[in-house]
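Just so it is clear: in the sequence shown, position 20 is 145 by our numbering, and no numbers are missing.
It is possible that part of the hints are untrue.
Below 35 Å or equal to it, Euclidean Cα-Cα: the simulated DSBU-like pairs (lysine-lysine) are [as the list claims (entries may be wrong)]:
1. K176 to K166
2. K176 to K208
3. K166 to K203
Computed beta-carbon distance windows for the label pairs [unchecked claim]:
4. T212 to G158: 21 to 29 Å
5. T197 to A142: 23 to 31 Å
6. E185 to V215: 46 to 54 Å
7. G158 to E216: 37 to 45 Å
8. R207 to K176: 26 to 34 Å
9. E216 to D167: 41 to 49 Å
Hints in this document: simulated from the structure, not taken from any laboratory. Glycine included, C-beta positions come from ideal geometry on N, C-alpha and C.
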Amino acid sequence: MIASNTRGYANGMADCACAMENMMLAAHSMGLGTVWINQLKDTCGDAGVRKLLTAFGVPEDHDIYACCAIGTALGGAKAPDRKAGATAIVE
126 MIASNTRGYA NGMADCACAM ENMMLAAHSM GLGTVWINQL KDTCGDAGVR KLLTAFGVPE
186 DHDIYACCAI GTALGGAKAP DRKAGATAIV E
């Protein structure tokens, strides 16, 4: 999946990150695995990459802010152990 937004829009990255996170959560709820890929953010201006993005329907005035691969997970990921003292509750 690719999430893009208008180049120069102040909230473009935040909007795309929120959208991608929700799509990744939805994929997980369907038993699919996902992985966030950052490379398109830095390469979407390359002429060859831009040609492919245009073929995929990404508007010329958009930058890529999020990309994700989706597929069948090989196995469940184990949550890391919690770090003592990493959270502080302020009352």
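So, going through the hints one by one against the coordinates:
no.	hint	in the structure
1	K176 to K166	15 Å, holds
2	K176 to K208	45 Å, violated
3	K166 to K203	29 Å, holds
4	T212 to G158: 21 to 29 Å	28 Å, holds
5	T197 to A142: 23 to 31 Å	24 Å, holds
6	E185 to V215: 46 to 54 Å	47 Å, holds
7	G158 to E216: 37 to 45 Å	39 Å, holds
8	R207 to K176: 26 to 34 Å	46 Å, violated
9	E216 to D167: 41 to 49 Å	43 Å, holds
Hint check: violations occur at hints 2, 8; the rest are consistent with the structure.
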